[in-house]
Amino acid sequence: GLLSLLRKLRPNPEKEARILLLGLDNAGKTTILKQLASEDITTVSVVRRIRSCFPNNRCADSQVTPTAGFNIKSVAADGFKLNVWDIGGQWKIRPYWKNYFANTDVLIYVIDCTDRTRFSEAGSELFEMLMDNRLKTVPLLVFANKQDLPNAMTASEVAEGLGLVRLQERTWEIKACTAVDGTGLKEGMDWVCKNMKK
1 GLLSLLRKLR PNPEKEARIL LLGLDNAGKT TILKQLASED ITTVSVVRRI RSCFPNNRCA
61 DSQVTPTAGF NIKSVAADGF KLNVWDIGGQ WKIRPYWKNY FANTDVLIYV IDCTDRTRFS
121 EAGSELFEML MDNRLKTVPL LVFANKQDLP NAMTASEVAE GLGLVRLQER TWEIKACTAV
181 DGTGLKEGMD WVCKNMKK
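The numbering used here numbers the first residue of the sequence shown as 1 and each following residue consecutively.
Incorrect hints may have been included.
Stated by the list, open to error - Straight-line Cα separation of at most 30 Å, DSSO-like style, residue types lysine-lysine; simulated pairs:
{"id": "1", "residue 1": "K98", "residue 2": "K136"}
{"id": "2", "residue 1": "K194", "residue 2": "K136"}
{"id": "3", "residue 1": "K136", "residue 2": "K186"}
{"id": "4", "residue 1": "K98", "residue 2": "K186"}
{"id": "5", "residue 1": "K34", "residue 2": "K92"}
{"id": "6", "residue 1": "K136", "residue 2": "K34"}
{"id": "7", "residue 1": "K98", "residue 2": "K194"}
{"id": "8", "residue 1": "K92", "residue 2": "K136"}
{"id": "9", "residue 1": "K34", "residue 2": "K98"}
{"id": "10", "residue 1": "K194", "residue 2": "K92"}
{"id": "11", "residue 1": "K34", "residue 2": "K186"}
Claimed, not checked - What follows is a set of in silico ranges between Cβ atoms, one per label pair, in the way DEER data are often shown:
{"id": "12", "residue 1": "S120", "residue 2": "D190", "range": "27 to 33 Å"}
{"id": "13", "residue 1": "K98", "residue 2": "L167", "range": "28 to 34 Å"}
{"id": "14", "residue 1": "N103", "residue 2": "E157", "range": "28 to 34 Å"}
{"id": "15", "residue 1": "K194", "residue 2": "R116", "range": "28 to 34 Å"}
{"id": "16", "residue 1": "N151", "residue 2": "E16", "range": "37 to 43 Å"}
{"id": "17", "residue 1": "D132", "residue 2": "G182", "range": "26 to 32 Å"}
{"id": "18", "residue 1": "A37", "residue 2": "D148", "range": "19 to 25 Å"}
{"id": "19", "residue 1": "K92", "residue 2": "M131", "range": "30 to 36 Å"}
{"id": "20", "residue 1": "N103", "residue 2": "T183", "range": "28 to 34 Å"}
{"id": "21", "residue 1": "M131", "residue 2": "N103", "range": "14 to 20 Å"}
{"id": "22", "residue 1": "D181", "residue 2": "D132", "range": "32 to 38 Å"}
{"id": "23", "residue 1": "K186", "residue 2": "N99", "range": "17 to 23 Å"}
Think of the hints as simulated: they come from the structure by calculation, not from any bench. Even for Gly, the Cβ is constructed at its ideal location relative to N, Cα and C.
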């Protein structure tokens with residue numbers, strides 16, 4: 001699985017890897033984290049199905065609790081430790097994101113590809129972060145999430161809309177994914193392992 005891949009690709013397995021997982025609220029960060037940690041995401045899947053059947057039914061939102069602070073998942077084996085920090089994305093929490101920038105090996109930014117109304121906000125937050133010196137040499141993976149839902153922007157639409165091609169001084173990649181069933185996450189994590197800040 002993910003761990004054996006990390007051990008194979010990481011030249012210095014004794015070192016801890018710190019991955020920062022960010023994005024606006026409801027982008028799917030915690031679902032991705034739970035998938036990577038092989039945790040139960042049944043509630044999220046059920047709520048997503050309700051939302052897709054009844055798009056105007058906002059009561060389903062109360063069943064998925066937004067991350068109010070942060071979640072950390074660590075996986076350790078054979079001297080390797082991967083720490084993934086999932087920081088809440090509500091606007092009140094975003095000013096605190098910068099407190100987690102130091103010592104980041106990879107930044108993963110999650111975009112809700114169905115939320116076109118907040119797409120420019122997601123882009124502004126991303127580029128504001130990338131200007132911080134502590135993230136200057138940190139590789140960036142953008143997960144274009146919720147590809148299973150109707151009207152989701154494709155990964156190439158997201159890359160173009162965000163202007164990722166302007167990031168000429170940074171290693172970056174965009175991967176389409178569906179967090180609720182794990183589609184695309186392995187491919188994204190393969191890229192993370194190969195491009196982790198040395």
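For each hint, the structure was consulted:
Restraint check for K98 and K136: satisfied, since their Cα atoms lie roughly 13 Å apart, inside the 30 Å limit. Between the alpha carbons of K194 and K136 the distance comes to roughly 18 Å, so the proposed pair stays at or under 30 Å and holds. A distance of roughly 25 Å separates the Cα atoms of K136 and K186; the hinted pair therefore holds under the 30 Å criterion. A distance of roughly 27 Å separates the Cα atoms of K98 and K186; the hinted pair therefore holds under the 30 Å criterion.
A distance of roughly 23 Å separates the Cα atoms of K34 and K92; the hinted pair therefore holds under the 30 Å criterion. A hinted pair counts as satisfied when its Cα atoms are at most 30 Å apart, and K136 with K34 qualifies at roughly 28 Å. Pair hint K98 plus K194 holds up; C-alpha atoms about 25 Å apart against a cutoff of 30 Å. Annotation: proposed proximity of K92 to K136 holds, straight-line Cα distance about 24 Å (limit 30 Å).
The hinted pair formed by K34 and K98 meets the criterion: a straight-line CA distance of about 23 Å does not exceed 30 Å. The straight-line distance between the Cα atoms of K194 and K92 is roughly 34 Å, outside the 30 Å bound, and the hint therefore fails. With a C-alpha separation of about 13 Å, the suggested pairing of K34 with K186 holds against the 30 Å cut-off. The beta-carbon spacing between S120 and D190, approximately 30 Å, falls within the hinted interval of 27 to 33 Å.
Range check, K98 to L167: Cβ separation about 19 Å, and the 28 to 34 Å hint is violated. Between N103 and E157 the beta carbon distance is about 33 Å. The supplied range of 28 to 34 Å therefore holds. Between K194 and R116 the beta carbons are some 31 Å apart, a value that agrees with the proposed interval 28 to 34 Å. Between N151 and E16 the C-beta distance comes to about 40 Å, which sits within the given range of 37 to 43 Å.
A hinted range of 26 to 32 Å for the beta carbons of D132 and G182 is consistent with their spacing of about 31 Å. The hinted window of 19 to 25 Å between A37 and D148 holds, with their beta carbons roughly 21 Å apart. The hint said 30 to 36 Å for the Cβ distance between K92 and M131, and at roughly 21 Å that hint is violated. As the Cβ distance of N103 to T183 is approximately 30 Å, the hint placing it in 28 to 34 Å holds.
For M131 and N103, the Cβ-Cβ distance of about 18 Å falls inside the hinted range of 14 to 20 Å, so the restraint holds. Against the hinted window of 32 to 38 Å, the Cβ-Cβ separation of D181 and D132 comes to about 33 Å, which satisfies the hint. Taking 17 to 23 Å as the suggested C-beta distance range, the pair K186 and N99 does not conform, at roughly 30 Å.
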